[in-house]
Each structure stands twice: as structure tokens, then as C-alpha cells.
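All chains should be modelled from the sequences, with the hints used to inform the complete structure.
Given next are the chains, with one letter for each unit.
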Amino acid sequence: MATDDTLLDVRGLTKVFGDRTAVDQVTFELPRGRSLAIVGESGSGKSTLAKMIVGLEAPTSGTIWACGADRSAPATGSRERRVRGRQVQIVFQDPYSSLDRRQTGAQALDEVLRLHHDYGADYRRTRIAELARLVGLDDRQMSVRPKALSGGQRQRIAIARALAAEPRIIILDESVAALDVSIQAQVLNVLMDIRDATGVAYVLISHDLAVVRQISDDIVVMQDGRIVERGTTEQVLDDPQEAYTQLLRASVPEPGWTPSRRQKRSTT
Amino acid sequence: MTTTMPAPAEAAPAVEPMARSSRSWLRRLGPLGIACAVILGIAVVLAIIGPYLPGLDPESTDLPNAWVGPFQLPGSPLGFDAQGRDLLSRLIFGARTAIVGPLIVLIIAMSLGVTIGMIAAWRRGWLDSFLNFGLDILFGFPGILLAIVAAAVFGGGLWAAAIALSVAYLPFIARVVRNAAAKEGAMEYVAALRVQGVSAWRISVRHILPNISPIIVAQGTILFGYALVDLVAISFLGLGVQPPAADWGVMVNENLIGVLQGYPLPALAAGLVIVTVVVAVNVLGERLLDISEGRR
Amino acid sequence: MWWVRFFALRLVRLVLTLLVASFIIFCALELAPGSPLAALSGGRTLSPEAVAALTARYNLDDPFIVRYVTWLGGVFQGDLGVSIGKRQDVSEIILGRALTSVTLVLMASIIIIVIGITLGIASGLRDRSSNLVTLAATAVMAAIPAFVGATLLLMVFSATLGWFPALGTGDGSFTDLVWHLILPAVALSIASIAVVARVTRAAIREELGTEHVQTAVSRGIPYPAIVRRHVVRNAGISIVTVSGLTIASLIAVAAVVETAFATNGLGSYLVQAAASKDIAMVQGISLVFVTVFVLMNVAIDVIAALLDPRTRAAGAVA
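Those sequence lines, one after another, are chains U, S and C.
If you number the first sequence the way our numbering does, the last residue is 268 and the count never jumps.
If you number the second sequence the way our numbering does, the last residue is 296 and the count never jumps.
If you number the third sequence the way our numbering does, the last residue is 318 and the count never jumps.
What the hints contain is simulated information worked out from the structure, not anything from laboratory work.
Some clues are possibly wrong.
[To be verified] Anything over 12 angstroms on all C-beta distances counts as not near chain S; from chain C, calculated:
id, residue
1, L153
2, L177
3, K277
[Said to hold, decoys possible] Here are some, though not all, of the chain C residues that point toward chain S, as calculated from beta-carbon distances under 8 angstroms:
id, residue
4, A28
5, A122
6, A137
7, V140
8, T151
9, I251
10, T259
11, A273
12, V294
Every residue, glycine too, gets a C-beta built ideally from N, C-alpha and C.
Here you go:
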């Protein structure tokens with residue numbers, strides 16, 4: 001069972017859609033103070049896994065414990081949902097749908113702060129400014145609608161919104177995958193600064209091994225819903241044992257990455 | 001997903017004009033849209049103040065004046081109808097039922113349709129299927145038919161017809177709302193809010209509903225036009241607004257015989273007023289729909 | 001065999017829909033203020049024998065559900081009850097008037113399809129300026145209620161020009177019936193022509209903008225050939241769907257036109273029956289209307305599905 005040093009403990013997690021098993025007997029732990037990457041190609045089940053951990057999908061079987069609490073079954077009641085929201089947060093992939101287009105960044109953060117904390121209006125304003133500084137946005141960028149922001153800026157607000165709940169764990173579900181390479185690097189730097197400042201743990205869901213190398217301490221590799229390999233980032237990326245992992249790795253340049261694999265998109 | 005995203009412009013569009021004022025709305029409506037809004041506005045104003053305007057008398061009959069044409073008698077610029085009643089007065093008084101009737105339809109159909117559509121979009125599963133089936137059955141009843149049956153059961157009148165039409169239009173609104181809400185609900189920010197622990201009710205009312213409201217407003221406007229056409233038709237059939245009340249549909253019915261006897265103006269004038277208001281409502285509704293779907 | 005599943009599902013839904021619809025129509029009698037007997041008699045005072053006859057005829061002493069089942073059983077055998085006003089079997093009256101209404105709706109359908117689709121294709125393939133004219137014309141046409149259209153037609157073609165008869169259905173011969181139904185059919189089709197023309201135009205425009213048409217253009221295939229081979233065929237699905245739904249909705253609107261032209265059809269009789277509270281008559285005619293309407297909707301659904309290669313592909317996978 002989960003020890004005090006285990007933030008997230010997933011055992012035998014399985015999700016079946018009709019006659020297809022998307023996630024098959026997945027077991028892993030996230031120890032305090034480390035970050036975990038779940039890698040695999042699209043369709044490997046990693047996003048379904050993330051959705052089960054945050055409670056957007058109910059597992060077919062298996063258990064999920066986070067911060068010492070059982071969250072295997074869907075939350076009953078809004079209080080319970082909020083409690084869970086302060087344990088695990090998630091940042092999704094698509095910067096264009098990650099924000100309500102009628103809300104400014106400040107309004108989005110304010111809504112979350114009011115939901116979780118009993119802060120007065122003045123203190124909420126201070127917190128919003130702190131969070132904005134943490135993700136590298138200025139006041140003006142926080143006070144406009146998402147339409148006026150770039151993809152990277154929107155993802156920063158999504159990250160700040162996750163942080164506003166003061167969670168112990170943030171799941172990054174391909175959170176930087178849709179961003180341009182240079183922007184991706186900036187956001188990754190922001191994420192690492194945040195980890196240093198707040199001690200939050202990351203579960204990084206990604207197909208991009210270059211990103212994985214930069215952020216995570218440990219790796220599990222998924223294929224067709226199962227974990228096929230696990231270990232520390234160095235072990236797995238530098239000396240992959242499984243053919244599938246070798247294949248994944250072969251499709252990325254050597255360490256000291258210049259991710260030219262990505263299609264260049266115009267940055268105009 | 002990584003390759004097909006629209007180019008994220010990091011060299012950001014610096015500042016959004018903070019005052020997205022009503023002027024940009026007017027610009028997007030265009031001159032034609034504004035003209036239509038003005039026509040509808042006039043009809044609404046007449047519906048409200050028409051009966052209080054001085055010098056109007058829609059109901060007192062004066063048979064010797066029957067079919068007397070425009071400007072033949074003082075104070076009657078449009079002349080008189082089959083029963084010698086002042087045509088202009090009747091047209092102006094008729095604005096009230098023409099606007100109020102569709103408004104009743106709109107309020108009932110919208111409040112029920114939006115509620116059902118939101119529930120169906122949020123709950124999916126068996127409840128969605130059940131609601132869908134129920135709406136399918138309602139689709140089997142054309143609005144006019146339902147109104148005729150209602151008139152047979154409850155007696156003619158504006159209310160029976162309006163309620164019957166509300167029921168008949170309910171599926172259209174519910175389906176539009178359901179599809180729009182389902183599309184909005186699939187956005188990642190909704191999932192993020194659920195993970196935060198925001199309640200389904202709050203997400204629906206504070207996030208999804210405001211975001212799909214332009215589509216709802218546009219569909220409501222289009223529905224208003226349909227309801228107006230159907231209600232005047234039912235009044236024309238003698239099953240809606242009852243004579244001698246001034247209603248545009250009733251007026252066409254009362255004066256139809258004049259068309260064959262060489263006095264077409266009274267029936268024609270009522271018909272023309274109907275067509276004008278309906279064109280205005282339809283064009284305005286389509287404009288709003290284009291705007292809400294980002295085509296303008 | 002995806003289509004077996006497809007048709008089976010449609011059939012189940014069709015039967016359920018008709019059952020519920022018939023139940024709702026039957027309930028109309030129960031909902032009517034006062035006793036069912038009063039509703040059936042339309043508020044007339046009846047002799048004790050008539051009361052007994054009606055009570056027996058409609059099993060008014062039985063519980064509600066039993067009466068519904070009995071009524072439905074009768075419907076299946078073509079027994080729709082007795083019209084109090086006419087002292088005649090409802091089904092007899094319906095059969096006697098059906099020809100007029102069916103002819104009217106068929107004539108209107110032909111007008112709508114021929115003119116609507118022609119207008120739509122023509123304006124869809126043309127340039128902007130003629131589109132503006134079509135758009136304006138269709139916007140006005142779509143806003144003309146059938147009875148206003150009837151007024152206009154009566155004024156121009158009957159009262160002024162004297163080309164067509166104004167009212168009624170003529171001497172009883174079929175040719176005279178058709179002759180008398182020309183103006184009503186046009187009145188019935190005005191708004192629908194606009195709807196069909198607009199949808200056709202939009203479908204054609206969308207199809208012209210798609211990739212495979214653009215490719216065909218760039219490969220130098222003659223324009224008329226592209227239009228025939230790709231554009232019209234692919235745009236067909238939405239055109240068929242909307243035309244079908246529009247025509248189906250005419251069944252109810254026909255009541256308005258028939259009343260305006262004093263045509264002896266089912267619709268005008270439905271209106272008279274409603275006004276005189278002849279509930280059995282209203283039930284019978286609305287049941288016929290709803291059944292035809294629902295059947296037409298299902299037919300359109302099936303045709304659209306058969307035309308759509310995606311349905312077939314999806315069916316093949318599932």
C-alpha cells in the first residue's frame with residue numbers, strides 16, 4: 001500500500017471501451033519529490049490513463065490513490081470533487097480550447113481561487129499577480145481575452161490555473177506538444193522553475209522523448225495499454241531494453257536534442 | 001494533433017481593444033441587418049404603444065363605409081375594410097398579437113428547449129437517448145397541425161395556438177442547444193474546470209450557456225419568424241385570435257372576399273405587413289446566425 | 001449486413017413513434033374539457049338512444065387504456081370512428097376527400113422540386129451579382145405565408161386576369177380538379193421554393209469549394225462535366241433531405257391553402273371539424289396526416305442514408 005513517501009499510487013488500473021482494452025493492468029508509483037513520464041505513441045492508452053487519474057473517466061478496475069486518499073471511484077458530491085482538485089491538476093494539450101474564450105486570464109484564476117480558498121478579494125488579486133509572475137505573464141496579458149494571446153501565453157494561463165488550486169501533482173497531458181519549438185522550451189523552463197518554487201510533482205504524458213528527458217526523473221513506456229518498460233530516465237532513454245522503446249527512441253535525435261523532427265510552422 | 005494546429009502566433013496580437021463596444025456589433029450586422037432590426041423595432045414599439053395612440057379606432061363598424069378606399073374620408077389614409085372599420089387602425093392594433101404571440105412561443109419553447117438540450121448534452125447516455133426519442137416523436141407533429149388539434153380540444157384562441165406551437169418547436173431548439181452545448185462541452189477548458197471541482201451546474205450556466213448564447217439568440221430570432229407565420233395562418237383559419245379583434249391573419253380572412261370583388265387593398269395591406277415583418281425577422285436571424293458561427 | 005440493422009432500427013423507431021403519436025391523438029379526446037361524450041357530440045344535445053349508441057360505439061364505460069387499445073384496433077381495420085356533424089364514418093369522409101389533397105400536395109411538390117432546384121443550381125453556379133438578386137428574391141418568397149400568397153394569386157390571376165378559377169374544385173372530373181388546383185399548388189409552394197433554392201445553392205457552392213472539385217478543375221476536366229459528375233451528385237444528399245422535409249411539412253400547410261381557396265380537401269375539412277369540435281373527425285384526419293408525415297420523414301432518412309457513401313462506409317465497419 002502507499003507509504004507516506006508515495007504521492008500517487010496506481011495499481012492494476014484497467015479501462016475497457018466496448019471490446020477494446022485501452023488501459024490494461026497498469027501499475028506505477030510516483031514517489032515524493034520526483035517526476036514521472038508516461039511515454040508512448042498516440043493510441044497507447046496514456047491519455048486515458050491521465051483521464052482516469054483526474055477523474056474524467058471511471059476505471060473499469062484497479063485502484064488510484066493520490067496524496068493518501070482513494071480516488072478509484074468517481075467523486076460523490078461537489079465537496080469531494082474540490083478536495084480532489086486540490087490534490088491533482090491537469091494541463092491539456094490544445095491551447096485553443098484550454099481557456100473559456102469569454103474569460104480573461106485573471107478572471108479564470110479568480111474563479112478557481114474562489115472555488116478552493118477562502119481568500120478575500122485583495123489577497124486573491126495578490127495571488128493572481130504571484131501566479132502570473134510564476135508563469136511569466138504580465139498584468140496586461142492577464143487582463144485580455146484569450147483571443148488576444150498566443151498559444152504559449154494561453155498554455156501559461158492554463159498552467160497558472162492548475163497551480164491556483166495549489167495541487168501536489170500536476171499532470172501535463174501533452175501540454176507543450178502543440179507549441180512551437182522555441183515556445184516549448186520557454187514553457188518547459190517555466191515548468192521547471194515552478195517545480196523549484198512550489199515543490200509540485202509532475203506526471204508528464206508525452207510522445208516526445210526530448211521533452212521527457214528535460215523534465216522527468218523516471219519513465220514508464222506504454223504500448224497498447226500496457227507498460228512495457230520502466231526505469232529512470234537515463235536508463236530507459238540511453239539503454240532501452242524493449243524493442244518498442246528502441247523504436248520510439250530511434251525516431252528522435254540523439255541526446256542534446258535539436259528537435260527538427262517537428263514540422264516547422266510559421267511563427268508569423 | 002501536433003502537425004495540424006493553426007500557426008500559434010507567438011508574436012502576439014498585442015492588446016485586444018478593451019472596448020468591444022456595440023459599434024462592432026452594428027458593423028457586423030451591416031446596413032441590411034440594421035434596417036431589419038429597425039423594422040422589427042417599429043413593430044415592437046407599435047405593439048406596445050399602438051393601442052394608446054390617439055385617433056385610432058379599430059373596432060367600430062360602419063357598414064356604409066365598407067371598402068371605401070384611401071384618403072376618401074378624413075382621418076382614414078388607408079380607407080376601410082369589409083365592415084367599414086378603419087384599416088390603418090386595425091393594422092396598428094394588429095401589431096400587438098403579431099408580436100406577443102410569437103413571444104409566448106419563444107419564451108416557452110426556449111426555456112424548455114434550452115433546459116432539455118443542456119441536460120441531454122451533459123448527461124449523454126440513456127437520458128440523452130430518451131430525450132432524443134421524445135423529441136423525434138414531437139418532430140412527427142407539424143406545428144400547424146398541432147395547433148389545429150389544440151383548437152379543436154381547447155377552443156380557438158391565441159394561447160392554445162401559441163402553446164401548441166411551442167411544443168412543436170421545442171425539438172428544434174433542444175437539438176440546436178444540445179449540439180452546440182456538446183461541442184462546447186468537449187472543449188478542454190470544460191474538462192479542466194471539472195478537474196478543478198467546479199459543479200456541472202456552474203459549468204453549464206456560467207461557461208457553456210454564455211458561450212453558446214449567440215447561437216441561441218440567432219435560432220430564437222429565426223423561430224420568432226416561423227412562429228409569426230404559423231400564428232397568423234392559424235388566425236386566418238379562424239382558430240387563433242378571434243374576430244373582431246384586429247389581427248393581421250384575421251384581417252386577411254375577413255377581407256379575402258374583397259380581392260374577388262375588386263377591393264383587394266384591405267387583405268393585401270395586412271398580407272404586406274406580415275411579409276415585411278417576417279422578411280425583417282428572417283434576415284436578421286440569418287445575420288445573427290452567421291455572426292454567431294463566425295462567418296461575419 | 002449493416003443495412004439490415006439500419007432498417008430494423010428505423011422500423012422499430014417508426015412503429016414506436018406512430019404508437020406514441022396515436023396515443024397523443026387519442027388523448028386529445030380525454031383532454032377535452034367536459035366528458036368524452038360531450039366532446040364527441042360537439043356540445044350538441046343528444047337523444048338517449050344516440051347517447052347509448054355513442055357510449056357503445058366508443059366503449060365509454062371501459063377504462064381509459066382499454067378504450068385506447070380498442071380504438072387502435074379499430075384504426076388498424078380502417079375504422080376511425082363516426083363524425084357527429086356529418087353522421088358518417090370518418091374513414092369514408094377521408095377517402096372521399098383524399099384525392100383532392102393528394103393531388104394538391106403532389107402538384108406543389110413538382111413545382112417546388114423543378115423550380116426550387118433549378119433556381120438553386122443556376123444561382124449556385126453563377127457569379128455574385130445574380131446571387132444577390134436570387135438571395136433577395138428567395139428572402140422575400142420565404143417570408144410569404146401560404147394564405148398571403150393565395151391572396152396575391154387570387155388578385156392577379158383570378159380577379160384581374162381571369163386566367164384561373166378562384167374557388168372550389170370544379171365539376172368533378174380529374175382534369176377540372178387539376179385546373180382548379182393550379183393556383184392553390186402555387187400558393188402552397190412559394191415559400192418552399194425559396195427554401196429548396198437556398199439549400200440547393202448553398203450545397204452547390206460548398207461542393208464547388210471542396211478539394212476534389214478544385215483538383216478536377218486544375219486537371220482541366222471540362223466544367224460542365226465536373227458539375228454533372230461531382231457537384232450535383234454530392235450536393236444531392238442535403239438537397240434531397242431538405243426538399244423532402246419541406247414537402248412533408250406541406251401536408252399541414254395544405255389546410256391553410258385549401259381554406260383560402262375553398263377547396264374541398266382533407267385539410268380544409270380538418271379546419272372545419274376543429275372549429276365545430278368534431279373530435280372524431282379531427283382525430284381521424286390528424287392521425288392520417290401524422291402517419292404520412294412520419295412515413296415521409298423516415299423515407300427521406302433512408303434515401304439520404306443510401307445516397308451517403310459515408311453511411312455505407314460506417315455501416316460496413318460497424
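Hints, one by one, checked against the model:
no., hint, result
1, L153, "violated (10 angstroms)"
2, L177, "holds (20 angstroms)"
3, K277, "violated (6 angstroms)"
4, A28, "holds (5 angstroms)"
5, A122, "violated (21 angstroms)"
6, A137, "violated (11 angstroms)"
7, V140, "holds (6 angstroms)"
8, T151, "holds (5 angstroms)"
9, I251, "holds (7 angstroms)"
10, T259, "holds (6 angstroms)"
11, A273, "holds (7 angstroms)"
12, V294, "holds (5 angstroms)"
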